[in-house]
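Chemist: Read off the chains here:
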Amino acid sequence: MQRIGVFVCHCGSNIAATVDVERVAQYALLEPGVVHAEDYQYMCSEAGQMKIIEAVKEKNLTGIVVCSCSPRMHETTFRNAAKRAGINPYMVEIANIREHCSWIHKDKEEGTEKAVILARAAIAKVNLNTPLVPGESRVTKRALIIGGGIAGIQTALDIADAGYEVDIVEKTPSIGGRMSQLDKTFPTLDCSACILTPKMVDAAAHEKINIYTYSEVDKVSGFVGDFTVDIRKKARSIDMDKCTGCGVCSEKCPMKKIPSEFNRGLGNRSAIYTPFAQAIPNVPVIDRENCIKFKTGKCGLCSTVCQAGAIDYEQEDEIISEKYGAIVVATGFDTIKLDDFDEYAYNQSKDVITSLELERVMNAAGPTKGHLERLSDGKHPEEIVFIQCVGSRDVTCRGKEYCSKVCCMYTAKHAMLIRDKYPDVNVTVFYIDVRTPGKNFDEFYRRAVEEYNVNYVKGQVGKVAPMENGKLLVQGVDLLDNRQILKEADMVVLATAIEPEAGVRKIATMLTASIDTNDFLTEAHPKLRPVESPTAGVFLSGVCQGPKDIPETVAQAGAAAVKAIGLLAKDKLLTNPCTAQADELLCNGCSTCANVCPYGAIAYEEKEINDHGIRETRRVAAVNTALCQGCGACTVTCPSGAMDLQGFSNRQILAEVDAICR
Amino acid sequence: MQELITRGKELLADGSVVGILGWKEGDFSYNPEPAFFQNEEELDKFIYDGFCGANLSKFMIEASKKEGKTLVFLKPCDTYSFNQLLKEHRIDREKAYIIGVGCSGKLSLDKIKEAGVKGIQKITEEEDKIHVETLYGDKTLNRSDVLLDRCHVCKGKEHRIFDEIIGESKETNDKDKFSEVEAIEKMSSEEKFLFFQKELSKCIRCNACRNVCPACSCRKCVFDSNKFDSAQKVNTNSFEEKMFHIIRAFHVAGRCTDCGECSRVCPEGIPLHLFNRKFIKDIDELYGEFRAGEDAETVGPLTEFTFDDAEPQEAVERG
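Going line by line, the protein sequences match chains A and B.
Read in order, the letters of the first sequence correspond to residues 1 to 662 in UniProt numbering.
Read in order, the letters of the second sequence correspond to residues 1 to 319 in UniProt numbering.
Any given hint might turn out to be false.
Claimed, not checked - List time: in silico PhoX-like cross-link candidates among lysine-lysine, alpha-carbon distance up to 20 Å:
(1) B:Lys198 with B:Lys278
(2) A:Lys607 with B:Lys139
(3) B:Lys65 with A:Lys607
(4) B:Lys111 with B:Lys139
(5) B:Lys202 with B:Lys220
(6) B:Lys202 with B:Lys192
(7) A:Lys607 with B:Lys220
(8) A:Lys252 with A:Lys298
(9) B:Lys202 with B:Lys242
Because the hints were derived from the structure by calculation, they are not lab data.
For clarity, every value in this text was computed on a predicted model and none was experimentally measured.
Chain B with its partners taken away, still in its complex shape:
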């Protein structure tokens, strides 16, 4: 972490960048939040640890409008979102100086709590272990037991775009990314409906998923615009509460990099990534494997036409 701060200060001092997108300590030590640093003093609050799951790519949209370059710290998976935004002309590559930071998987506070840990005071990380100081004494947990679900299906620790890389990464992928989706696919229509009914009925429409999503970067969201009847609609029935998430899933289909931020930030713990991952699976199967954000040039299969494309009938037959 110190290395990152030192490098950030250097770049600020020599004028290479005019601001820095990183993380700083939040209300609790284990709850860091995205931050924009404009001078060296502010950087003393910079933090990078296992709880810095937040993907900073989206903040580059605003940073691209500023004079001068912004230093942005990106984890390997964040670089996919950055590339996707670059592809969609939402950010300016010239305005970003990218330091790729190492990642050994990010931690889930929920999982730590689920492990029966209460009254957390401080959390320190070791290679494979997590030490938790609590009001009721210390506890040690295996890192792999408390990783965010998304880190178990990690896309890989390679930065897809960067100017320099600082820090080591450790592979955390140990699960099949589509196993959750396949489990749902096996359900009957009724079971599926009940499953999503149960999950989505928890939604309080706080918009956190949308606001954090790098693919949901529209200047004006259709749900906020008075041009559409969908704007700020109150859930008047059980169908409409699903509409928001289903429409959102359609809007990011083919563009979603599966960064998993939607599920991470949902205060109700709705597994929102499942919608997106189902689309990714379908796209892979119908059009060949595609990973949004792998680079900033390839046109996605949903916005390109080739003669090898699946015929509509195939999709119909799959149901």
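Next comes chain A alone, as it looks inside the complex:
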């Protein structure tokens, strides 16, 4: 029989306001095995922990139940306290009477009743707890960065500078990401490429950094410190070692009418192409879907003109399997599709463009060589209307409920740049609110209004209608003047909401990293652990975690690097002792558990089993505890109940259920 101590925390008024903590302690004393119960203001404080340690010594406790906050918050704290008191840390159970109880109840009577029940369940479990001892696992001193935008590049550089090997996997043919598509950057208006390309070059030249472009993560197995990742290097159809990057192939390629992804479809590229001039690596890719050679078998012109003999039509996808200690997700964002926003006539008029498209139009290397012109007729615009919050802060379920955060600033930037270069152009911005928190941000916006006379109108646009004279009729509202506005514009620019890059869901699933309803990756703690995923060994860099601008992205990228370095610097990690075990007498050898195990931790062996004197050689499951992460998938799938999880045994869980239902 265990000798259990129950410690009920007030958490100031967090718990005590909704739960009668004294009563919880009184009731706990009535439970089997409980020899001590008390309540205290802050159990996690040093004084609170000392109460536990003293009680263990005085009452010879063998098990501890702490009724407090979520175990994610303080389980480790109380396990360490148990260790200091001289009992096994795994003899501690937490009854979460804060997040699961006091915070969600208003009625104290109800809250108290639930807290008593939760305490009862934890006590029932501790009665069946056994001491557990963690093992050790090694740390592979290499990091994987998924995504080669500014976030991924910065994280890679920081980790590599600390002396660890880093691989970047980028799905497009070049690193650089969205930032490479931008023309100028706020709030300093320096050229995006001018500040990005040196970093791209640094990453490519860094002896510790290895870049896989045109590649994707295919499979992830393993766990913190010891991930195994399959990287699919898609067939580039070019021998990267031979290619000199001369570009003759792209020039000669007869298939030139393919919308350029880099220019957001506003310009064309050839079937064999490098996405942009400063691409790294400067090695083209053959887009097999559009290549005449791949479609008809004829052509082959690029191969004929290539002096280096680098064209390889036979090249196949290559799978590279590599081990990593840490994985950083830096998958970035895209703008949302505007199909559901018909009122802005985006699909009807070439002169309605997104802000990201405007970046390409304003860029000297873009489709108009940097000239501001209407894409329908090439004419110089006189009247431009910007519409903010297109799909952001949108509760109609066509768009996103969140604020995309960067739009106010880049719209001010666009307005200012246009007014600076073309003072004859009138610029009007429709906005819900102008949000400019950030260093030198509000000053930047004020300049747009005061120095550049950009016409800011508080209000939304209801409709953009293409007119017969080629102009666009913008129907909006000025909420401050309380009047309708009808404006004939030559161009309309939509500040389109941003959303996580489409592939992130698949990557999150592979990593067992959680994502929120908007597909942003979730942090381990929104305030205190903002760059770590709840999945150990997985870190978050850039917009994949939430909307942010370049300075914030770079700061977070550095933070993610620090966290990864902290992990890679360790030689050994303590493993979770809550691993699965197979009862060989019950095991059918059916392999069902091995099928569901996400960690490949279950193998089968032919083994002589002595079942009460009957010797038989048969197939039984064997768990590799170094690989097992204690997820419990095997225990629920095992038809015979042979699989059990230490620390969360079937018996323990059923005892908890019984205690709750009593």
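Starting from the known structure of chain A, arrange chain B on it as the hints suggest.
Modeler: Just chain B now, kept in the frame of chain A:
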């Protein structure tokens, strides 16, 4: 039938197999039972007729532990169970010599009785007719009227695994396999509860369904093991009598081949297959059509993860 006996004797005589899993006459001529034959004389009692519904796959678990091969006669639907057991490493393919036997649907004694036939002495089969000699004179019934329900939703007459095939089969599938399930799905929660309450309250916990089920092949059933609190529990309330069948349905979910043996052997006539078929329907709808035992390799949808899998939310929304 004679062809099967002759072939069995041949295989025994030349040492290809050391034993034979088949059927022999039971207490009544229309009540054959599974049997293990070890020599040619015993084989004279071998029988294969319309009442040999029993699925012999499960017996291969024990037969796989023997030295030498066992000849096992499998109907088309039985081969699904065999494959499933093979997939779960419960039987050894090398230890089995499979003769696929023809099947024109198996007969239900209950249905014959329901047709008003009493005092049965002997039953003989023709292609489409069944002749019953009774104490009160002879009767002729249409075969299709007295088939086991499961044969009306037959998976097809193709043997999924075999070494040789003897005998002809005749298609009997003429009903939608999910119509019964759909009828229950349309009931309100209360109606469903009452329906299952009524059916399951007949259960006497004889364990026949479990013992005959090829998917219930655990070395030690959770209901028999003292490791679990579920062991040999007496029904102390109306909830617990349902627990056994519901837990059993969960344990065979994704593995059940819908062989229908549970319902065939239930002495109380509980339509136990309905639980399993509901799971099959849900799996088909949520993960794409899947038939357990179609082959011995494909990993079932419940024990595999793909990116196309239904999100948990979908299942929640379906209720």
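Chemist: For each hint, tell me whether it holds in the structure or not.
Modeler: Hints, verified against the model:
Restraint check for Lys198 of chain B and Lys278 of chain B: satisfied, since their Cα atoms lie roughly 18 Å apart, inside the 20 Å limit. Taking the CA atoms of Lys607 of chain A and Lys139 of chain B, the gap is near 58 Å; set against the 20 Å cutoff, the hint is violated. Taken as a hint, the Lys65 of chain B and Lys607 of chain A pair is honoured in the structure, with Cα atoms around 15 Å apart against an allowance of 20 Å. Distance check on the hinted pair: Lys111 of chain B and Lys139 of chain B sit about 14 Å apart at the alpha-carbon level, within 20 Å; holds.
At roughly 25 Å between alpha-carbon atoms, Lys202 of chain B and Lys220 of chain B are farther apart than 20 Å, so this suggested pair is violated. With a CA separation close to 16 Å, the supplied pair Lys202 of chain B and Lys192 of chain B stays within the 20 Å bound. As the CA atoms of Lys607 of chain A and Lys220 of chain B are separated by approximately 18 Å, the hinted pair is consistent with the 20 Å bound. For a cut-off of 20 Å, the pair hint linking Lys252 of chain A to Lys298 of chain A stands: about 15 Å separates their Cα positions.
The straight-line distance between the Cα atoms of Lys202 of chain B and Lys242 of chain B is roughly 10 Å, inside the 20 Å bound, and the hint therefore holds.
This entry does not satisfy hints 2 and 5, going by the numbered hints stated previously.
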